[in-house]
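If you want the building blocks of each chain, they are given just below.
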Amino acid sequence: MAAEQSELKHTPLYDLHCELGGRMVPFAGYAMPVQYEGIIAEHNWTRDKAGLFDVSHMGQRFLIGPDHESVAKALERVAPGNFSALKPGRQRYTLLLLETGGILDDLMVARSPAEEDDGSLFLVFNAARKEIDDAYLAERLPEDVMLTAADDRALLALQGPAAHDVMARHCPRAAELSFMQVTSAAFALPGGGSIDIHVSRSGYTGEDGFEISLAGERAEEFARALLAEEEVRPVGLGARDSLRLEAGLPLYGHDIDETTSPVEADLAFAIPKSRRERADFPGAERILSELSEGPSRLRVGMRPSGRAPVREGAQILGEADSVIGGVTSGGFGPTVGAPVAMGYVAAAAAAPGTAVRLSGRRGAEPAEIVPLPFVPHRYRRQA
Amino acid sequence: MTTRYSKEHEWVRVEGDTATIGISVHAASELGDVVFVELPEPGKKLEKGDEAGVVESVKAASEVYSPLSGEVVEVNAALEAAPQTVNEAAEGEGWFFKLKLSDKSQLDGLMDEAAYKTFCEG
Numbered sequence: 001m002a003a004e005q006s007e008l009k010h011t012p013l014y015d016l017h018c019e020l021g022g023r024m025v026p027f028a029g030y031a032m033p034v035q036y037e038g039i040i041a042e043h044n045w046t047r048d049k050a051g052l053f054d055v056s057h058m059g060q061r062f063l064i065g066p067d068h069e070s071v072a073k074a075l076e077r078v079a080p081g082n083f084s085a086l087k088p089g090r091q092r093y094t095l096l097l098l099e100t101g102g103i104l105d106d107l108m109v110a111r112s113p114a115e116e117d118d119g120s121l122f123l124v125f126n127a128a129r130k131e132i133d134d135a136y137l138a139e140r141l142p143e144d145v146m147l148t149a150a151d152d153r154a155l156l157a158l159q160g161p162a163a164h165d166v167m168a169r170h171c172p173r174a175a176e177l178s179f180m181q182v183t184s185a186a187f188a189l190p191g192g193g194s195i196d197i198h199v200s201r202s203g204y205t206g207e208d209g210f211e212i213s214l215a216g217e218r219a220e221e222f223a224r225a226l227l228a229e230e231e232v233r234p235v236g237l238g239a240r241d242s243l244r245l246e247a248g249l250p251l252y253g254h255d256i257d258e259t260t261s262p263v264e265a266d267l268a269f270a271i272p273k274s275r276r277e278r279a280d281f282p283g284a285e286r287i288l289s290e291l292s293e294g295p296s297r298l299r300v301g302m303r304p305s306g307r308a309p310v311r312e313g314a315q316i317l318g319e320a321d322s323v324i325g326g327v328t329s330g331g332f333g334p335t336v337g338a339p340v341a342m343g344y345v346a347a348a349a350a351a352p353g354t355a356v357r358l359s360g361r362r363g364a365e366p367a368e369i370v371p372l373p374f375v376p377h378r379y380r381r382q383a
Numbered sequence: 001m002t003t004r005y006s007k008e009h010e011w012v013r014v015e016g017d018t019a020t021i022g023i024s025v026h027a028a029s030e031l032g033d034v035v036f037v038e039l040p041e042p043g044k045k046l047e048k049g050d051e052a053g054v055v056e057s058v059k060a061a062s063e064v065y066s067p068l069s070g071e072v073v074e075v076n077a078a079l080e081a082a083p084q085t086v087n088e089a090a091e092g093e094g095w096f097f098k099l100k101l102s103d104k105s106q107l108d109g110l111m112d113e114a115a116y117k118t119f120c121e122g
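Just so you know, the protein sequences line up as chains A and B, in that order.
The numbering of the first sequence is the numbering used here, which starts it at 1 and goes up by one.
The numbering of the second sequence is the numbering used here, which starts it at 1 and goes up by one.
Extracted from the complex, chain A is given alone in its bound form (with noise of 0.2 Å):
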């Protein structure tokens, strides 16, 4: 983090930022706001209302090959889903595996619903990792499937219960999705005109809402015409990092990494049947014998004991003070109202209700295993 301001890249709202007083950053190379108003007052209105999110700064590639089939087998080699059997018009959550059980990276993947569309899959990855995916997959790769980067596109994201009302008065479509559908749609401007905007009803806030690709040039109008609507403000990374740690989700480079497999982090969820049984998927020697025996360490949630966060780097400490995992995540749950933790912890000591004392910069505090996440996710799943 030492670049200075003046080398960060910036994203197609960089000035938008600035002119709301979004308090700028550097995050993965990019100038980037980490809070306008407070990370609590942010974090509060996206539960309450919607707050509106630029996650620009990930890397949105498309995966082209010349049908379906050839460009899913093709992200099959690296990553463990089944994309075959994706249908047009869904999203799927997935991960970037090494031979080691690793994780390179996670990533949703999307394939359009449009037939014109077919041998296209739309991939994003985290900003940090851009380079290192793309490297990874252009050595993978069968020669008739490629990778693009779409680095002119903005891609932002509308969270919260009233993103579905607010995205119903410019693009019905977009509101009629379900979690984990997208569509290609046109947003409707409130001077006139539209937008073209490829949309999914995801996120990473636990909250219903959407994820929204455009063009970078329209990115600030697009931007401008959704903060018009009394229930949308801007949210930072400040409250990005609170939500989506209340809501249990993993942070890549902090939750999980090369070292940390599908199953030890618990998105083995990501891993379909029919992957399981052809075990073809890299990593797959690791992974399928932790399925079988358990994994020796598990990705959980904690709560510690006092009003202290507990940061990311405290030891997880169980019988005798023996050191039994570490914190990789931790902070203060404005929904939850009190300091939340999340971290690897001996399999033994992973179930809920256990109790162990978390060792960070004021000696060790007691603390408890409990579930994630520690909100309830409100996705709007098809009836």
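Honestly, the hints are just simulated from the structure, not real lab data.
None of the values given here were measured: they were computed from a predicted structure.
Some clues are possibly wrong.
[Claimed, not checked] Derived CB-CB ranges, DEER-like:
no.	chain 1	residue 1	chain 2	residue 2	range
1	A	H254	B	A78	33 to 41 Å
2	B	E80	A	R77	49 to 57 Å
3	B	D50	A	H254	29 to 37 Å
4	B	S105	A	G326	40 to 48 Å
5	A	A320	B	E80	28 to 36 Å
[Unchecked claim] Just a sample of chain B residues kept apart from chain A, beta carbon distances all over 10 Å, derived:
no.	residue
6	E8
7	H26
8	G32
9	A77
10	G92
11	G109
12	F119
The beta carbon of each residue, even a glycine, is placed where N, CA and C say it ideally should be.
Chain B: place on chain A using the hints.
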């Protein structure tokens, strides 16, 4: 009453030989939402520059240093239940502790409001 400031962004107001100490409005704003405050024990003797407490925001923890030497005579226990007071009134209700000063000449090393303002802008 004159308010003086340290380079570590504490403020000090002296009455007789007792100083009230907290973190500046600027520091509180930079920290963001304060969610936890750890205060020194009353009776504790602090040397100038000693760690006197901790203030935690949603994002991070920061130490609070004593800008002066002396003995802690009172702490603002209300902050434990209402840490957000630090954001609402950093240089008023959000004070941290009171110190019985052992060397009032140390005050000369602190900045006045104008100097502190320049310091923050620099």
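Hint check:
1. A:H254 to B:A78: 33 to 41 Å: The hinted range 33 to 41 Å holds for H254 of chain A and A78 of chain B, with Cβ atoms some 34 Å apart.
2. B:E80 to A:R77: 49 to 57 Å: With Cβ atoms ~55 Å apart, the hint holds.
3. B:D50 to A:H254: 29 to 37 Å: holds, 33 Å
4. B:S105 to A:G326: 40 to 48 Å: Holds, at about 47 Å.
5. A:A320 to B:E80: 28 to 36 Å: 31 Å Cβ-Cβ, so the 28 to 36 Å window holds.
6. E8: holds, 18 Å
7. H26: holds, 13 Å
8. G32: Since the minimum Cβ distance to chain A is about 6 Å, G32 of chain B lies within 10 Å and the statement is violated.
9. A77: holds, 13 Å
10. G92: Nearest chain A Cβ is 19 Å from G92 of chain B, so the label holds.
11. G109: Answer for G109 of chain B: holds, closest chain A Cβ roughly 28 Å.
12. F119: Correct as stated: the minimum Cβ-Cβ distance to chain A is 20 Å, above 10 Å.
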